[in-house]
Amino acid sequence: MIWTISKRIINVIPICFFVYTAVFFLLRIAPGDPATAMLGDYASASAVAALREEMGLNQPIFVQYLHGLIGLFKGDLGISLASGTPVVDQIRAALPYTLELATASLVIGVVLGVPLGTLSAVKDGKLIDHVSRIVSLAGLSIPSFVLGIILMLVFSIYLPLFPAVGGGGRGNWYETLVYLTLPSLTLGLIMMAYVTRVTRNAMMNVLSEDYIRTARSKGISERKVIMHHALPNCLVPLISLCAINFIMLVSSSVMVEIVFSRPGLGRVLVSAMLQRDYVSLQSVLVVYAFLIIVVNTFADILYSIANPRIRAK
Amino acid sequence: MSADSTTSRLGGLAWFSLAGLCCLIAISLLASLLPLADPLRQDAFHTLAAPSLGHLLGTDGHGRDILSRVIYGSQVSLFTSISSIGMAAVLGTILGITAGYHNNWVEVVIMRVSDSLMALPSLILGIAIMAILGPGLDKVIFCIAFVMTPRFIRIAYGATMVVRPQEFIEAARAISAPFGRIFRVHILPNIVSEISVVAALWVGTAIQIEASLSFIGIGVPPPSPTWGNMIREGLDYLSMAPWIALAPSVAIFCTIILFNLAGDSIRDIIDPKHYRRA
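Those sequence lines, one after another, are chains A and B. For the first sequence, this note's numbering begins at 1 and goes up steadily by one. For the second sequence, this note's numbering begins at 314 and goes up steadily by one.
With the rest of the complex left out, here is chain A:
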């Protein structure tokens, strides 16, 4: 088991390397000059040349790449061209807001989605099943920023229960929770739709297995059959779903952070983009990618712990 986990962790290194390479060359091979893009079309040639020098764009591309890679290993992501502060500080300040949003949304999605999906499978074809399928389809089809605006309209404007914008101060858990409620509910309800659908399908498959029939024939109560025999066997697809959807949550968090003006990683990304700050943009993209790779690896490890057949392989 320790060997399996070590192997998966070692596998992360080349993937991170590939991703860094892809992001670096993506931003370099694109048409246009970053220095001109940042200063605007009317900037003087000398100003553009000075900025190119400052950004290190005059060096050969392979040297730029190596410098970036060495900096990354040292934890130095460069200096933001827009604010003049280290990018790593910006990311360190913003990351907790994004992580707490994604985690809270995941929890809401699982807590609401697993019971609804289970109930839907158990009551197949009944009213609750139809309702859960409609809710699931709606959740899969609504963009996060649209749902965010609807929740803001209802719970901040018509019923002033939660603040509409802001992230709350760090260190005050009550304030954090109050500011987190609407953004996490927005993503959590969308997550719930995915979880409901997968739980329902997994439960339908499990309920037709022989061991469930055996358990029922032994006279075990239906509640025990579901809770003790069926539900644990739905865990495996749920774990991979949570990993896949964490990516969706991180992606959607950009939009939710804009709607609710949360000072998370998404806002750093968008402001870097609007200010044409290529140093911050590249760093934030790499952090996003690493975050997703780490979560996927963690899910792989959990997956092998939860499924003995994979562990045996």
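Source of the hints: derived by calculation from the structure; they are not laboratory data. It cannot be assumed that every hint is accurate.
[As the list claims (entries may be wrong)] What follows is a list of derived Cβ distance ranges for each label pair: (1) A:Y174 <-> B:S365: 40 to 48 angstroms; (2) B:P535 <-> A:I244: 33 to 41 angstroms; (3) A:D210 <-> B:P491: 46 to 54 angstroms; (4) B:R494 <-> A:V294: 18 to 26 angstroms; (5) B:P491 <-> A:I244: 35 to 43 angstroms; (6) A:Q59 <-> B:A357: 50 to 58 angstroms; (7) A:E222 <-> B:G374: 18 to 26 angstroms; (8) B:W328 <-> A:I244: 25 to 33 angstroms; (9) A:S83 <-> B:S506: 50 to 58 angstroms; (10) B:C567 <-> A:D210: 39 to 47 angstroms; (11) A:N11 <-> B:W418: 16 to 24 angstroms; (12) A:V131 <-> B:S506: 27 to 35 angstroms; (13) A:N205 <-> B:C567: 54 to 62 angstroms; (14) A:V12 <-> B:W418: 21 to 29 angstroms.
C-beta: ideal position from N, C-alpha, C; glycine also.
Given the coordinates of chain A, assemble chain B onto it according to the supplied hints.
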């Protein structure tokens, strides 16, 4: 599969979604023939007007008719999403089949680059691309096609890996058929249905990405109406005139639901096993 069994498998919901999509596309294409106000005409005397008989969905902060802007906005959303998914499907299928068929460095290069790009969520990658390209309709189409291509590569690659060891491919290789012919005559017809299903389902995703980019302000530039930039404008007036944001929100939601339902229906016809599982 007979036509009758195909028709009978299409439930009421599938017919509803297909009919809804046809209506949506028809309204979008025929917008200029409908008795609608000019979507760009500003009216300083009727700003933020609530829905009424004169303006069925009200007006925005510049007095522009919301209904007209929602309908003209659908042209941008549908054109962008369908054309970008079409481009991504063609490019992704070609690259996916090439990678799946060649068991050598070609496969390694295509799949590693594709996997690296898929490590970033579509929207975040899209934001990065738009940061480089700048706003504009053609750039949005290219951007969405670029971020969706790796997904099609993955699907086409997987499907090709299933088809490749089969005897008819072996037979074609045995008679020295060139790759181009094997690609066109033997592999493509066997995987095209799978590609069509995901293409239909991913049109909804493309609509979401386009709306998100416009919402951020890096999609199609104003004053052209798009659902995303209408919602962004509406956000500033949310407490005073919620209809500005709500009308395009409902339009996006309904369109994506219709595409998702239509995609599910096509999958049910093509893959009966999935239909039974669902």
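Q) Looking at the structure, which of the earlier hints fail to hold? A) Of the numbered hints given earlier, those the structure breaks are 4, 7, 13, listed in rising order.
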